[in-house]
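K.L.:
Residue numbers (the UniProt record's numbering), protein chains in the order written: chain G, 1 to 651; chain X, 1 to 651.
Just to be clear, a hint being listed does not mean it is correct.
Heads up, the list lumps identical chains together, so a pair's fine if it works in one copy or across two of them.
Computed list of lysine-lysine pairs in BS3-like fashion (alpha-carbon distance at most 30 angstroms, straight line) [what the hints assert, rightly or not]:
#: 1; residue 1: Lys113; residue 2: Lys355
#: 2; residue 1: Lys241; residue 2: Lys391
#: 3; residue 1: Lys434; residue 2: Lys422
#: 4; residue 1: Lys496; residue 2: Lys606
#: 5; residue 1: Lys606; residue 2: Lys483
#: 6; residue 1: Lys589; residue 2: Lys241
#: 7; residue 1: Lys355; residue 2: Lys606
#: 8; residue 1: Lys422; residue 2: Lys450
#: 9; residue 1: Lys450; residue 2: Lys198
#: 10; residue 1: Lys422; residue 2: Lys467
#: 11; residue 1: Lys422; residue 2: Lys391
#: 12; residue 1: Lys450; residue 2: Lys178
#: 13; residue 1: Lys606; residue 2: Lys589
If you're looking for bench data, these hints aren't it; they were derived computationally from the structure. Please read these numbers as outputs of a predicted model, since none were measured by experiment.
There are 2 protein chains.
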Amino acid sequence: MFLLVFPIFGQPAWRDEGLLELSRSPQAKLHPVPVRAVQLTGGFWTERQRITIERSIPTLLTLLEEHGVVDNFRRLGSATDYTPRRGPLYTDSDLYKWIEGAAWSLTSRPDPKLEATIDRLVDVILAAQQPDGYLNTYWVEERAGQRWQQQTSGHELYCLGHMIQGAIAYYRATGKRKLLDGSIRFVEYLLRDTGPGKQPLLTGHPELELALAELYRTTGDQRYLKLAGYLLSGVERERLKLRPSQLEYMFSGSPFTERTQFEGHAVRALYAATGAADYYLETGDPAYWKTLQTLWADLVNSKMFVTGGVGSRSSGESFGDAYELPNRQAYTESCAAIAGFLFNQRMLAATGDAKYTDVMERALYNGINSGMSLDGTLYCYRNPLSSGGEKIRNSWYDTCCCPPNLQRTFAALGGYFYSTSKNGLWVHFFDNSKLVWRLESGTGVQAEVKTGQPWTGQVEIVVSPAKAETFTLYVRIPSWSEKTTVSINGQPAEVKGTPNSYLPLRREWKAGDRVRVALDMEPRLLRANPRVPEDYGKVAVQRGPLVYCLEQEDQAGTQVFDAAMSLPAALVPEEKPELLGGITVLHHKGLTFGSPLESAPLYSTKELRPGTPAELTFVPYYVFHNRGPARMEVWVPAVAAPTASKDQPAR
Amino acid sequence: MFLLVFPIFGQPAWRDEGLLELSRSPQAKLHPVPVRAVQLTGGFWTERQRITIERSIPTLLTLLEEHGVVDNFRRLGSATDYTPRRGPLYTDSDLYKWIEGAAWSLTSRPDPKLEATIDRLVDVILAAQQPDGYLNTYWVEERAGQRWQQQTSGHELYCLGHMIQGAIAYYRATGKRKLLDGSIRFVEYLLRDTGPGKQPLLTGHPELELALAELYRTTGDQRYLKLAGYLLSGVERERLKLRPSQLEYMFSGSPFTERTQFEGHAVRALYAATGAADYYLETGDPAYWKTLQTLWADLVNSKMFVTGGVGSRSSGESFGDAYELPNRQAYTESCAAIAGFLFNQRMLAATGDAKYTDVMERALYNGINSGMSLDGTLYCYRNPLSSGGEKIRNSWYDTCCCPPNLQRTFAALGGYFYSTSKNGLWVHFFDNSKLVWRLESGTGVQAEVKTGQPWTGQVEIVVSPAKAETFTLYVRIPSWSEKTTVSINGQPAEVKGTPNSYLPLRREWKAGDRVRVALDMEPRLLRANPRVPEDYGKVAVQRGPLVYCLEQEDQAGTQVFDAAMSLPAALVPEEKPELLGGITVLHHKGLTFGSPLESAPLYSTKELRPGTPAELTFVPYYVFHNRGPARMEVWVPAVAAPTASKDQPAR
């Protein structure tokens, strides 16, 4: 009945390593499956991954070439005269991150031509490596004397971090160690010439911490983990004469375990927390765990947008105060949403707690997903929750951090969908996909998910162990699914799903066992804590994992910023297979203010209330600005429906 | 019955000149009275002026000395070795502005010792002037070769503008021309060596434009007005290779008449508009008038805080988008509120339209008044409308623009209270004061105002012309006084006051005629246009000209950010003569959320509504942060009072 294909054991370890290699991590409760063990089989994310691999990755390499990012390496490794180095001082990292995305794409979909391209790039990169192992295309030649002199802003260690991550991804995709060995040479140089008593080190932009933890996991060399701990320790604060404003902005340079809130540059802070979580997964240091939990609570209780976006201020690309979540001014860099996603990935691995998956999902489906256009060629750096129609999707940014960050996320998506633990198999995200892997008992297992998610609520999971075996299938019940029914082989499970938890289905599973989950797809109106100044009296619409918005193009005659929702709010879904790659829109009989608000005074004793009926149509947030710039709003005023005038004659 | 003292005619013109000398300005409908013609006689502003003159002005000079601002001049004019120049490149302007404030204070209250101090400072300043007339303590010596090379940020013309304004004030206060002549030497240098075909000029920080207009009015030399026109014309945009972002930020460098909205640095933009209004008052250029009206509408319809504060963003100290009025993040620099006040002063002079006075009053009583502490020694640079308890009142700022700007405003306050026009006498602001001046017919006139404003609504104006004469007394009816009754000598006037207008009382006035105005002091709840994201569903409390706020110290057990108003809202005034210099507080039986909002989730489908009774006490906004930093809020959520539970037993 089923044609089961099980992984062949005895292959080299690199084939078995997932996005993180946590199989020997003492604090890891959950263990990733290899990216290659998961095939996306024609659902929502299949299309996003296809466009990433077929359009985004190739076109971005062309742009990186056009902007000199690869030439920056070539000119150092060649006797030929090249034009001067181009671009900001951190462009090396963009190529490394592109390689990481391209490498993961090979595990999702092998492509010998792309692999050959990466091989050539690796040669170009390594030809630029200095004899001592140092590698950076900016801090060389006339700037060679300034090596390590501008660590707060120089991005030397940041670039190394991405080099390591790209190298590990390529190693796990192909078994090829060349780039990995090159990155190790750089790390060995650090271990030799820097550190306590020698040249002090600082991650002015944290990133290397998580890369070093993964390098430790890949090689087993504890010195790499120790180096990560040194960077997180803040011991060099005095020697480097760091100012408080720098410590805040960089989120490094002072002891990580003394942090009490997220502040400063959002990507820096969240990469630091991700690296610290990796460090905890390996060391179990309780001071780290306490800080990580404090920071996580600070994030989700007061500093995260409803799209999973992070970073309130353009100035410093930074976190704001608690509850400072301005929709139009939101910075919400794609990279920051991804960094928050990675942070929560580690927290989930440490605990198996669905509250972390919930944050990952919120970011992935909304504030990350919005970052790449539907055609895979335009990128958002900022992902605000309100737009006056400014153009924010662009094909190129001189600071090109977000595009390859989105690529590496989408190219490896399957690797985030499942985990294993001692007790069984975990299903985190529901999308059409097929897992071919093994339980931690060693028994081979397949799992196949069929669903219309995120548009419809039916999910079918067919579980097929190689032999009948008792284990737990952990099925995630999202926070938004208030009423969830679960059945196994047609029989309802003993326990109903509790929102925001994993439903543990423990039984003897045999090949072809079928779990059916009916998720609650009723549209939800979210309220923000009244402490959020901009969202008071307003609602955001969510259906399944998708946050919705009003975009001007869909409103017949109603100005988006004059629109309001009428409570109690009926929202009627309509499938639109031809629209924006196929979406479900939500129709609502809402309201507008009688006359355009733009013509009303700024201050008045008169309260303007929306009272004129208006047909409103919501679209998923992630598709905004895909038909050109347009006015857009996530948080919409909501008022009780006006009672019909008694004077009005009945018809 | 009345002891009438009338001005002696035939005195030099400087004694008759007001804050602006508009007597020959073709487009000036209203003409200022001399500052010295108005005495403050023991009301609200008398105390603010007293503290300005007795505490603020003397202590600030000490601080300017301590921080080297005066030494920056001394070192250039002396053979003695001084320490190197100190402070930012624009400190000269701070001393000039201090002189302007001190000079106006002499007209309000003569003080020979202070006058002697200014004389000495003038000598110190002029000793630093270059032989060619150039005067700036930064762009000299080793930087002399960079003169005019960094006009976008160099502040050379900005400092000259303040030199001229200080010089004119001192001239009008004392008749002494020394500083005035020094500033004219600098202007003559500009006319000789710069301009079209010569060194191009740019006000990287507009200010000189208004100073030149006033210099023209003071001297009658049209070349100075023409120079202002040149600076406003933007003709040097090409020669100076100005970028669009610079044109936006500086609000200069491109033709003023092509501006369509306020943007960029708020103080720069509003000084530019003030200078352009001065230019219009002299030239009548209709293109300027059209632009001024467009900008004014942009300001009051979408970019002004309810306190009259201006400038939404810290980044660039700048305007935001339309309706971008964040309360906590508001930049609202004291200087920007003052600049808006000055802009509206010119617009009022051109029209006699009360809508401009209304904006002046809103700023003066609230967003300007808050800028100086009650004891006159601490200053706000920012005047936000919400505070988490950050310390924002400081005695010193290295960029010391706001403190002397506040001083020059308060020291000359009487000069803003009255105007004359061809038809009669205008009363703009109601405070205990006595005007001794003349009508434009030449007939001497006195006016004495007695009132408890801004705390009580009764205003008595005793008008005493030297001889009985028919003229119009224009009594301003503020926008907030919805029901105003006016009586003359006990008889109701024919016309009731219409809010936001001048009530023209035309009759034959004779000495001792008594006008009684009863202003409507009913507390008002203001709503913002729903397009303002942070104010939706909230109200601001205003009573008379004063905007109120909740400050933590006055709330018994209720956290300010958990507080809400209960509608319909009763606000009960209580005079507190001992509190904060004597204020009227407003009591309100409001509400709080059941449990602290800080413990509530960030997003939820549940709407949290305030339902627990709470006694709230509002204090005037301008006194906030005078008892130390504390949480503060102007815009407060407002909900209909919860209906009493039906299950509750009747007692």
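K.L.:
Hint by hint, note whether the structure agrees.
P.N.:
Now for the hints, and whether the structure bears them out:
| no. | hint | result |
| --- | --- | --- |
| 1 | Lys113 x Lys355 | neither (41 angstroms within a copy, 71 angstroms between copies) |
| 2 | Lys241 x Lys391 | between (41 angstroms within a copy, 26 angstroms between copies) |
| 3 | Lys434 x Lys422 | within (21 angstroms within a copy, 89 angstroms between copies) |
| 4 | Lys496 x Lys606 | between (50 angstroms within a copy, 22 angstroms between copies) |
| 5 | Lys606 x Lys483 | between (42 angstroms within a copy, 16 angstroms between copies) |
| 6 | Lys589 x Lys241 | neither (60 angstroms within a copy, 53 angstroms between copies) |
| 7 | Lys355 x Lys606 | between (43 angstroms within a copy, 18 angstroms between copies) |
| 8 | Lys422 x Lys450 | within (25 angstroms within a copy, 85 angstroms between copies) |
| 9 | Lys450 x Lys198 | neither (56 angstroms within a copy, 77 angstroms between copies) |
| 10 | Lys422 x Lys467 | within (17 angstroms within a copy, 104 angstroms between copies) |
| 11 | Lys422 x Lys391 | neither (49 angstroms within a copy, 53 angstroms between copies) |
| 12 | Lys450 x Lys178 | neither (39 angstroms within a copy, 89 angstroms between copies) |
| 13 | Lys606 x Lys589 | both (25 angstroms within a copy, 21 angstroms between copies) |
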